[in-house]
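So you can see what is in the structure, the chains are spelled out below.
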Amino acid sequence: MIKCVNLRKTYPLKKLQGYPALKGLDLSIEAGEFVAVTGPSGCGKSTLLNILGFLDDPSGGNYFFKGRDAGSFSDPERSSMRLSEVGFIFQSFNLLPRFSALDNVRLPMLYKGVGSGGKAEQNPLELSGGERQRVGIARALANSPALLLADEPTGNLDSRNGLEIISLLKELNAGGLTVVMVTHDQGLAKMASRIIKMKDGVIESR
Amino acid sequence: MRISESLRTGAFEIFHHKVRSFLTFFSIAIGVVSIMYSLTMIYSMNFRTKKALDILGHGRIKIGQRGYSQTSTSMEKKEVNDRITLEDAQALRANFPELPLVSPIMVNGVTFSHGYFRHWVSVAGITTEWKKRGWIYKVKGRFINQYDLDNYDRVCLLIQDGGWFKKPQWMKYYDWMDGFQKYIKHHDLLNKTVQVGDNLYTVVGILESPPLEKNPKTFLDLEGWESKVLIPITTFHRLMGGGANVEINIDTGKASTVEFYKSGLNKALQSRHSGQLRLEVKGFGDIIKTKMADKRRDMYTVLIIGAIAILAGGIGIMNVTLATIYSRIKEIGIRRAIGATRGDIMAQFLIEAMLLGFFGGLAGILMSMTGIQYLASKGDTDMMMVQWWMPLVAVLAAVFTGFLAALYPAYQASRLDPIEALRYE
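Heads up: the sequence lines are chains A and B, in that order.
Sequence positions in the first sequence follow the numbering used here and run 159 to 364.
Sequence positions in the second sequence follow the numbering used here and run 78 to 502.
Extracted from the complex, chain A is given alone in its bound form (with noise of 0.2 angstroms):
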């Protein structure tokens, strides 16, 4: 499902060189896997789940997804991958706190056209982390996609939310979604099915 091949990224820094990011990675995914990603801060795990998600363009090699080369999408082809392919989970919940929790889990319908007039009022403030996050996986999974990227999910919860979530995750991962999840708590990471670790900008070990 996705390919990655040599995949670097460097940032642009005022005056200096750049900050590479990524040096060169190579990897890939089979559709229905469940991939945890750990490294330690600044090792590129955040940038390559960027990049997975189409988020970011990286700065050299080659990305495929389901066979095409992500490279040569525009702007409006990367969004709509966002919208029907990738569905994000984020450390911080991301959710729009005007907007009722179903509102929240509806946004993504509605880019796609599909809104329905429902009304669930709870306010995601009022919801306790575990609660949000839950809000935040039924909003990546409002279109059905077929990645799943969580970075750092469980990263505000405490440990018991924390494993709820990731077992969530793992029932989402059985009924045949892909998931990359970004992570430093190396117990969760042993929850998945697949292990990558990175340093540095490159894969130290799979």
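Among the hints, a few may not be true.
So the derived list for chain B, only partly shown, Cβ under 10 angstroms to chain A, looks like this [to be verified]:
id: 1; residue: E90
id: 2; residue: H93
id: 3; residue: V96
id: 4; residue: A171
id: 5; residue: R412
id: 6; residue: D421
id: 7; residue: I496
Quick caveat, the hints were computed from the structure, so don't treat them as lab data.
Computed from a predicted model, the values in this text were never measured in an experiment.
Even glycine gets a Cβ: it sits at the ideal position worked out from N, Cα and C.
Given chain A, work out where chain B should sit, using these hints.
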């Protein structure tokens, strides 16, 4: 994203920032009030001009003398001594036989007396062509004929005012009558002898003016129409024409030939006076426009104030949109991450700004309709001509201002990098 959802989000934002929204509404509303006011003035002006020209005919030209008071140099004063004469009018008639109307007229103010009744009236010397002007329709007795003209006969016609068929609602009309009108209404002067100026005349006809709906006077006050006593122009010239100027009314038949005849008539007249005549050859359309100049200046002033107010409102909207975008960068990032295109983001902010314009416009319509009702109740006839489409145009202008003002901020919002926006705190 569906428009209904964008509208909902926009209304939500406006409601949650009440003071900010109110201030923006206010400046837009002032602009809309000015637009409504000037639209009403423009409409009223055009309506009156068109109505007057429709009744008069669009091909009318007036040839007049520029008077002594309008001169400044000694050369010009000398030129004033050369006057348009009756012979000039006859020559024009002979040179341009195809013209439907060549009607010379001389006007003077004298005393009209009958028995003990005396009244200062304006008397016009006319030819038989005068009746072709088209807005006198009822003659009791007879009109002035060629025999009267050839023999300098002391005969006269009196003009009686017509009333309304049905008084239009938008027009406030003061139904007063002057002493002369009252007298001729209550005394049948047909075939009686009256004194006009220093001489006695026989009243050979009473002309009843058309109802005011069909009288250009109703729509526009053009000089020279107010003469209520008509006598043969030859008689006028001999008995009271000493200082009066000859004015020639021409009808070319249609609007397209006015310019052609203006220069032709001017040349023909000047050639009879070695180019020494201080002439004014004007189409009635131009005369009406000159008469309307004051009103037009007022209108433009209001329009400029309106434009400035709406511009200020537009800047307000731009400011609000920029502030909204800064406070919602993270939201933009989230929306982009879950699949919103740049177009979606841009449309969202544009729709919000257009909503601001729309609500401001509605407030402006409420304010201006109240003001217009008030002015109309005080007898401002222009204000009574407010039309159903004017609020529509004004609101559209406000919405369009919102759209224009938000274009740049919305474009900026759509260009935000999704990752940067997501990290924004």
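Here is how each hint holds up against the structure:
1. E90: holds, 9 angstroms
2. H93: holds, 7 angstroms
3. V96: Not OK, violated: V96 of chain B not within 10 angstroms of chain A, min 18 angstroms.
4. A171: violated, 78 angstroms
5. R412: Since the shortest Cβ distance to chain A is 7 angstroms, the answer is holds.
6. D421: holds, 6 angstroms
7. I496: holds, 6 angstroms
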